[in-house]
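**Student:** Protein chains in written order, with the working numbering: chain A, 1 to 349; chain B, 1 to 168; chain C, 1 to 166.
Don't take each hint at face value.
[Said to hold, decoys possible] Just the calculated beta-carbon pair ranges, DEER-fashion:
1. R47(A) / E153(B): 28 to 34 Å
2. G111(A) / S25(C): 49 to 55 Å
3. S154(C) / F68(A): 50 to 56 Å
4. E34(B) / I57(A): 52 to 58 Å
[Claimed, not checked] Result set (DSSO-like, lysine-lysine): computed pairs, CA atoms no more than 30 Å apart in a straight line:
5. K328(A) / K14(B)
6. K164(C) / K6(B)
7. K157(B) / K41(B)
8. K27(B) / K38(A)
9. K36(B) / K150(B)
10. K14(B) / K38(A)
11. K87(C) / K80(A)
12. K6(B) / K93(B)
13. K36(B) / K14(B)
14. K140(B) / K117(B)
15. K165(C) / K6(B)
[To be verified] Here are a few chain B residues that sit away from chain A, every Cβ distance over 12 Å (derived from the structure):
16. A79
17. K140
18. P148
Hints listed in this document are in silico derivations from the structure and should not be mistaken for laboratory results.
Remember, predicted model here, so these are calculated numbers, not experimental data.
For every residue, glycine included, the Cβ atom is placed at its ideal position computed from N, Cα and C.
Take a look at the letters that make up each chain.
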Amino acid sequence: MYLLMIDWWFILEKFLLVGFVVTFSLLIAMYTTYAERKIAAFLQDRRGPNRAGPFGILQPLADGGKLFFKEEIIPLASSKFLFVLGPSLAMLTAMLTSAVIPWSTPLQIGGRDVPLQIADLNIGILYVFGVVSLGVYGIMIGGWASNNKFSLLAAVRGASQMISYELSMGLALIALLMLTGSLQMSVIVQNQIVHGWHVIYQPLGFLIFFICALAECNRTPFDLPEAENELNFGYHQEYSSMKLGLYLFAEYVNMFISGTVMATLFFGGYDIPFVNEASWGLSPNLLAFIGFVVLLAKAFFFLFVFIWIRWTIPRFRYDQLMNLGWKKLIPLALVNMVATAIVMLLRNR
Amino acid sequence: MNAWEKLYLPAVLKGMFITLSHLFKKKATIQYPEQKRSFPKVFRGLQVLNRDEEGRERCTACGLCAVACPAEAITMEAAERQPGEEHLYREEKYAAKYEINMLRCIFCGFCEEACPKDAIYLSETVTPANYSRAGFIYKKEDLLIPDPTKDPEGYQKALGHRAKKINN
Amino acid sequence: MNITQILFWFLSALTVFSALMVVVSKNPVYSVLWLIFTFFCISGHYIMLNAQFLFIVNIIVYAGAIMVLFLFVIMLMNLNQSSEPKKHRWLRMAGVVAGGCLLLVLVAALKNIDIKKQVAETNTGDIGLIGNLGKVLFNQYVVPFEISSILFLSAMVGTVVIGKKE
Chain A
1 MYLLMIDWWF ILEKFLLVGF VVTFSLLIAM YTTYAERKIA AFLQDRRGPN RAGPFGILQP
61 LADGGKLFFK EEIIPLASSK FLFVLGPSLA MLTAMLTSAV IPWSTPLQIG GRDVPLQIAD
121 LNIGILYVFG VVSLGVYGIM IGGWASNNKF SLLAAVRGAS QMISYELSMG LALIALLMLT
181 GSLQMSVIVQ NQIVHGWHVI YQPLGFLIFF ICALAECNRT PFDLPEAENE LNFGYHQEYS
241 SMKLGLYLFA EYVNMFISGT VMATLFFGGY DIPFVNEASW GLSPNLLAFI GFVVLLAKAF
301 FFLFVFIWIR WTIPRFRYDQ LMNLGWKKLI PLALVNMVAT AIVMLLRNR
Chain B
1 MNAWEKLYLP AVLKGMFITL SHLFKKKATI QYPEQKRSFP KVFRGLQVLN RDEEGRERCT
61 ACGLCAVACP AEAITMEAAE RQPGEEHLYR EEKYAAKYEI NMLRCIFCGF CEEACPKDAI
121 YLSETVTPAN YSRAGFIYKK EDLLIPDPTK DPEGYQKALG HRAKKINN
Chain C
1 MNITQILFWF LSALTVFSAL MVVVSKNPVY SVLWLIFTFF CISGHYIMLN AQFLFIVNII
61 VYAGAIMVLF LFVIMLMNLN QSSEPKKHRW LRMAGVVAGG CLLLVLVAAL KNIDIKKQVA
121 ETNTGDIGLI GNLGKVLFNQ YVVPFEISSI LFLSAMVGTV VIGKKE
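Build out the structure end to end from the sequences listed, making use of the hints.
**Tutor:** Take a look at the structure:
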């Protein structure tokens, strides 16, 4: 009897949405690896992968297949459960963030409004923040479980980097929250549709957030945790086969998700700039699709910038990294926060 | 450094636009198996044992190339031409066995310079990879140029841009 | 039993089990990992009370920051079974007695509380949402809140002073 009271449509619709978002993020991440190699090649006057399929489109499949079929080596002295848990956690935390991103305006199917957001949490941004802070565990557990001192050192290095940059990320977000007065992602997007994109009001906040996102994704110039040439390859040194693949893949999923988060928080989410798309009189489903494409375009732009930066700027030294995080970004973020507060106070008066 | 330079952001942006400009530049890649880079005129590649226009081997097994070879890569055994073999060998003496160890060869071209009969020259190909060491010891049949009377095309191809030089 | 109850009992069992594992695990790193798991279970309870803010703050602060520092220290000190000092028999006895006393105190304190009167507001309560919580925190409890912030500030100053000593 009780089962009849559950809104099965609701569950089905969420289930489908989760499945779609997960597969879609994985697909995007797959092709981000391809884009990474192609863009890297173009920036260096090369051609990049072009053998597997036309223009090398099947390259990610070939890479994935290779990783799947490689021999799986688990070090004898490692703790096996944690050794497997590490990459799984890295992947899990990378995917979790996508739950609160509003992908577009609601769809209308059979008279029902189907919101294209898995969970419109009251504390959306904090949720993103929390999941990001959990991303450390994938690195730390993997590095420790390998039972290799270089892995452990790299894990500690990576974890301290992520903790340091989380702080300024949070401070940059607080200024943003003052503007919207809400932590809910959907409200933040609505606010931008009405008042204009947040990047106009918070350019410094965006810059800080962007730098921290680079650091959180372990992207160059902050890729010390996985510095392969001078720092002995980092926390996934002992990993092989698809477990290594999961670590590397998680980075790309993270990139995509942080691109969408940045687009949502600072660049209006699914909003098309300068036009009022609601007045076009299109059907809501078409509008939702257009919004989704717009959000993707913004996210892809950030992905491109991430890759572009990787192939331009050399890696920081560890002390430079810590100096930037603690002595430059945090004071800057604090100043930004206080300045925002003062301006808002004066305007409200 | 002043405060503006200390920000590093302008320098970073400048660098980013330099790399961005490379996005639109001509690619330097040569797609190897389909496209091949043309060798320069003076390139010294794999040795070839030459024939004359009638398809006779030029080599007389004088051994000057083996003496000239600084890496001692060349070994040969001479034999006397029998009656009835005039269409095969140009002189009365010929190399019954002629081997070059490509693992030792340094492609200096001294053999070519030492040869009084224009019987050996360095072509415009590189030594192909091989699975065994034995495969790198090139026998006479590996080194000989295709017979111009039977395979004129292959002969011309093997001669390359030397065709002119040898004929006059 | 409805779904909320099933979830509650499941989460509670999981919490107790993982809390026990914290104590039972021989390897300190496993202990910390179980502790993190325990925090997650507790966060699950917060969600069932619709206290979303507490849920996420519990994860950010405890699971995401403090436990990372724990892990840091334990991993770097490389504590494992072989390096653990043998404890004296009397010391173990003292530990058991002390733990038992704590249990006694807890049971004695909680025995007379009439829990049945205070029904937890599952799913419906909105006091845990960030807006309401902020209003309570900055109106009713503003003095304790500010005092605790001063406490944190002094801790920060203290670390800076210790760090600058050389």
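**Student:** None of the hints should be skipped; say for each whether it holds.
**Tutor:** Taking the hints in turn, this is what the structure says about them:
1. Between R47(A) and E153(B) the Cβ separation comes to about 33 Å, which falls inside the hinted range of 28 to 34 Å.
2. Checked against the hint of 49 to 55 Å, the pair G111(A) and S25(C) passes, with Cβ atoms roughly 54 Å apart.
3. Distance hint check: the CB atoms of S154(C) and F68(A) are about 54 Å apart, consistent with the given range 50 to 56 Å.
4. Roughly 19 Å separates the CB atoms of E34(B) and I57(A), a value that falls outside the hinted 52 to 58 Å.
5. Simply put, K328(A) and K14(B) have alpha-carbon atoms about 21 Å apart, close enough for the 30 Å limit, and the pair holds.
6. Pair hint K164(C) plus K6(B) holds up; C-alpha atoms about 25 Å apart against a cutoff of 30 Å.
7. Annotation: proposed proximity of K157(B) to K41(B) holds, straight-line Cα distance about 15 Å (limit 30 Å).
8. For the hint pairing K27(B) with K38(A), the CA-to-CA distance comes to about 12 Å; that is within 30 Å, so the pair holds.
9. Annotation: proposed proximity of K36(B) to K150(B) holds, straight-line Cα distance about 28 Å (limit 30 Å).
10. For the suggested pair K14(B) and K38(A), the alpha carbons sit about 22 Å apart, so the restraint of at most 30 Å is met.
11. Distance check on the hinted pair: K87(C) and K80(A) sit about 29 Å apart at the alpha-carbon level, within 30 Å; holds.
12. Restraint check for K6(B) and K93(B): the C-alpha separation of about 80 Å exceeds 30 Å, so the hint is violated.
13. For the proposed pair K36(B) and K14(B), the alpha carbon gap of about 36 Å is over 30 Å, so the pair is violated.
14. For the given pair, K140(B) sits about 17 Å from K117(B) by alpha-carbon distance, which is consistent with the 30 Å threshold.
15. This hinted pair checks out: K165(C) and K6(B) have alpha carbons roughly 28 Å apart, not beyond 30 Å.
16. Listed as outside the interface, A79(B) is consistent with that label: its C-beta sits roughly 49 Å from the nearest C-beta of chain A, beyond the 12 Å cut-off.
17. Annotated as non-interface, K140(B) keeps its C-beta farther than 12 Å from every C-beta of chain A; the closest such distance is 38 Å.
18. The claim that P148(B) is not at the interface with chain A holds, since no C-beta of that chain comes within 12 Å of its own (minimum 38 Å).
This entry does not satisfy hints 4, 12, 13, going by the numbered hints stated previously.
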